[in-house]
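Chains as they are written, first to last, in this note's numbering: chain P, 5 to 278; chain H, 5 to 278; chain V, 5 to 278; chain D, 5 to 278; chain C, 5 to 278.
You can't tell identical chains apart in this list, so a pair holds if it fits in one copy or across any two.
Straight line, CA to CA, 25 Å or less: simulated SDA-like cross-link-like pairs of lysine to any residue: (1) 78 to 238; (2) 58 to 83; (3) 58 to 249; (4) 58 to 255; (5) 65 to 255; (6) 58 to 250; (7) 78 to 61; (8) 65 to 109; (9) 69 to 17; (10) 144 to 7.
Since the hints were derived computationally from the structure, they do not count as laboratory data.
Now for the letters of each chain:
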Amino acid sequence: MKAATAIGIGATCALILMAGIMEGVSPPALINIAAAMIVFGGTSGAVFASVGMKRFMLIPKLYIKAFTAEYADKSARVSTLVNFAERARKDGLLALEEDIESIEDPFLKKGMQLVVDGTDPDLLYEILDSEIDAMTARHKDGHSVFEKGGGLAPTIGVLGTVVSLIHVLGNLSAPETLGPLIAGAFLATLYGVGSANVVFYPVCYTLQALSAAEADERRLVLEGIMAIQAGDNPRVAQEKLLSYLSPEQRAVILGDDGKGGGSSASEPAAAQAA
Amino acid sequence: MKAATAIGIGATCALILMAGIMEGVSPPALINIAAAMIVFGGTSGAVFASVGMKRFMLIPKLYIKAFTAEYADKSARVSTLVNFAERARKDGLLALEEDIESIEDPFLKKGMQLVVDGTDPDLLYEILDSEIDAMTARHKDGHSVFEKGGGLAPTIGVLGTVVSLIHVLGNLSAPETLGPLIAGAFLATLYGVGSANVVFYPVCYTLQALSAAEADERRLVLEGIMAIQAGDNPRVAQEKLLSYLSPEQRAVILGDDGKGGGSSASEPAAAQAA
Amino acid sequence: MKAATAIGIGATCALILMAGIMEGVSPPALINIAAAMIVFGGTSGAVFASVGMKRFMLIPKLYIKAFTAEYADKSARVSTLVNFAERARKDGLLALEEDIESIEDPFLKKGMQLVVDGTDPDLLYEILDSEIDAMTARHKDGHSVFEKGGGLAPTIGVLGTVVSLIHVLGNLSAPETLGPLIAGAFLATLYGVGSANVVFYPVCYTLQALSAAEADERRLVLEGIMAIQAGDNPRVAQEKLLSYLSPEQRAVILGDDGKGGGSSASEPAAAQAA
Amino acid sequence: MKAATAIGIGATCALILMAGIMEGVSPPALINIAAAMIVFGGTSGAVFASVGMKRFMLIPKLYIKAFTAEYADKSARVSTLVNFAERARKDGLLALEEDIESIEDPFLKKGMQLVVDGTDPDLLYEILDSEIDAMTARHKDGHSVFEKGGGLAPTIGVLGTVVSLIHVLGNLSAPETLGPLIAGAFLATLYGVGSANVVFYPVCYTLQALSAAEADERRLVLEGIMAIQAGDNPRVAQEKLLSYLSPEQRAVILGDDGKGGGSSASEPAAAQAA
Amino acid sequence: MKAATAIGIGATCALILMAGIMEGVSPPALINIAAAMIVFGGTSGAVFASVGMKRFMLIPKLYIKAFTAEYADKSARVSTLVNFAERARKDGLLALEEDIESIEDPFLKKGMQLVVDGTDPDLLYEILDSEIDAMTARHKDGHSVFEKGGGLAPTIGVLGTVVSLIHVLGNLSAPETLGPLIAGAFLATLYGVGSANVVFYPVCYTLQALSAAEADERRLVLEGIMAIQAGDNPRVAQEKLLSYLSPEQRAVILGDDGKGGGSSASEPAAAQAA
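Isolated chain P (complex conformation) (with noise of 0.2 Å):
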């Protein structure tokens, strides 16, 4: 599902709410303009401090990111990359240069075109494969901004709550308004512990699964132009590329070809090996 990070993220902040105005929370109780300064404002503070001005504009692209990016259809990569291995093997490799055009994901259109330009093996090796470090490196730099977030929110909560105490332990000479003070106190533990959990933590947890899945179906297109310009038997590479699959992505792949090809005996055990 697309949305499932602000999803989650929503529901979470409704049902706290709800629950609280269940236990009898006034929704305005809950809100405090000086918590909230310390908190978030101080928190941002405290990230743009560490990662610097480059990374901290990022944050606005990664919320749009972990919240409707898809993960890749790893299948579709295989059929492709195995159609191109059949194409090579019947027509050899500069027939696929006019496929080339018509490949949207760059990546796999840089590395196709490395193999018609007749790139030597080991280069063009090291070539995807740095490219696919560098990206990754590049992704961490964008969900390690989230993560730090996550760690500094609880304790910067806990300096606006300790502020705020500090304030009503001058004045307690005012029992009557000593419950909402101390009550307000703690809001700011609230958002900073809110805030990590709910929001920073899943943000973070997102795009690590989605840079994770990403360098995953990267090594799989890898591996699969390696093998094309190896000239390996389409089966073959067939057979490489399906480990990278679920079982259940596995079956629907050898049903929808396996009817015509051969080796048939390995189709069930490979749909069963989960």
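We have chain P; now place chains H, V, D and C onto it with these hints.
Using the frame of chain P, we list chains H, V, D and C on its own:
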């Protein structure tokens, strides 16, 4: 024992409840709908936001697995593989073809099929090895869901307690109701800490142990298949595979078929080598 | 932006102070000499005891570095190295000798000198690689000082609070002074948590990021130097080096010099490959 | 010393009890059946749920091991292996056959048997190396049980305290009983923190140290066996094996048999090289 | 500076005491025999149970080492090794024999002896490398004792506080004595947190830094010895060894002997390459 995880969780909950009753806690005092909503709903929401729909939907299946799965019988695998190695030595690799149909384990079946198909050893190793790695990665997707739940639940419990305390502190004018209200506030912490330590982490650890045991068993099978394909002496193959077993399991196997075999001097040694 | 760390720290402190004033805290109430002595003096003492005089004396230099250092311009490095590669291809390695004088970066200068001196490629790689490792180790000596400070400050803050509370609790006979005294006790916690999260960790993270960026830039230079020495085709060298840049940086470089160069088909692909 | 772990645990418990009595705590006030049920029962249940029946049943055996096991005498192993190397040099590998019967250590016995059987060196290394790895993995299964106990006990202690506090707070109407009730509630925390730090972690660390020492000793034996099979000069073999010993142990061995041997110049150096 | 650790610990303790007195704490109020017994006795007991007699007895020696040890002078080592390399180049390896007697460092002495004895380079590397690894492992046995102490002390401090609070809460009938009693209870936390952060961790970090510096110095020596044995050009050997030094140390060495030597173009570069 098959259902250790379920029994352990159930017994722990019963025990804590009993001890509470012994101390004078009335069981209804331990139930608070709003706190449960915050902790279980909030944790579910945050986990959902962290891992996405697809992995979230695995949770029921993973509970069933943690509660019912049994560890693979590695001793039986060793016997099977040594038998195959003996047969391959005597009658050639192709003689194994008829045995493949009766293999139940899909991984072993796939591997043996690849051997009989005459796959190149390096390719065979690569395919099976990346199959094991992919399985481990898939398993990690599963048990990390519970790990995230175990990490989030206690802090969301604290968050629930803070929400309740904010309500309590805003109403200090009625001191006679204060005790039960504060008690109720702590229920959220209780639910959070309890579910993490009594349910989420034990389930996570059980799934991790199952995954490690399955990977270990498949490494054993992989090593056995490579030995069969290489035409190793069955006794050498057995010697290699035995290092995957505990000393007790080895003693059983060596006691069973050691009578007719050679190299008897190394058997007592192996049986004791713990 | 150059001074992100200083600005972030300053803004966060100002913001927390402002929020405190909004809540009614009088700024002088946030100052406590004894608490500051315990937290800042105690943390300094414990850090000094942990890292020794020599590394302790680096602290002012490291603050200046974290507050003013800029990330290296990797795009410019790629252009320089590709230019060298083209020149070496055309006129031979020795033609680079006159360019060496004008190189400002000492690492690139040393590497080019070694190339011109005809150093053996393996030895060249070994010398430059161990230079990078040694730099990373020296940097770690630096930023780990702040990491230790960030770890020690909050607990020493708690220690200061406990010391104050011991005084407070020993004088319960004057309840009217109790509030401000307890408030004062919490200042030590405030100082400890605040300095760790707003100063020490952000400075540590900034230094880590600077160190990683510098090591990354030097790896790029090392790869470029190896390619120059090996007499690689300048376009192949550029292709390798581009993987160190972000897609945006690549687009700029390829837009710049792509017009006159060959292999144009791979450029849009590379520009998009993020 | 053999029983350091048991003595350390006993002394610590006695000391804490004594200090408590000095402060005026009456020993019966430290006993609370319900708290003990929650903490020890609950931790046992959660550990049982985490590791399953088979590993849970190892606990008594592991306690005994932690309380009685002694570290292997590596010096004696070096002497034995150097003697074997000398004999093999003089009389050939087969001359060692009669010595094998008298070897007590099963690992050394198995290794020497494989040498005398004429096993291929690579296979020999592989079998013994995977035996060591399997032993380490089995040991980890053991000591990680205590590590999990040490992690779970304090939080289950907090959980027990919360359960008790819920009872206390529900009955604020009788303030004169409040103190002892709250004191009782804290006993669960005391039991949890105490058992983790005084029992579970020390036992876990002891088992880890024993496991590391045993693996280290077997690596020494493996290196010695490989040297014997390769027909190394006994003095070279000794030089290699000595690096596994501490400087003190080396001094003893070199003092013992150095008198009759050559290469005397390196002995004082080795004896001091700490 | 030699005694940085001792001075840092002493200054921190004095500072905390002074600040406490400034706040009005009377020094005797900070002394509590029972709390000290629990924290220092209990931590000692738990550490003893964790690491055994032999490693426990190392503690006094390790304190002395942390308080007095100095870092090795790596520059001097480089000079010595380059001198040896020059001599070996001119007069042959055997000419070094007479210099060996005057070497003080046992590791360098042993290595040079092995070189003069004509040991095979691979074996020489293996012996010296495993010597370094064994030293690092022995050192880790030492500083991990303090790491365990630093981890255990704060929780045992909490345990002591809980024991005291149990006593206090059992005697709420005398409210006038309550304050000092609670204050006394917190002393155990103070002792635990203080000893961990002001003593155990700083000593542990100092020992870790000393161990890392010694291993680094021995790697330098190892590389130098390998270069001498290989008959490397002394300037190439120096170039390799310089990467182990900081830019300042390099500048000194190159300033010293650069005047008479060749390859002057690389010196300013190396001096600046920080």
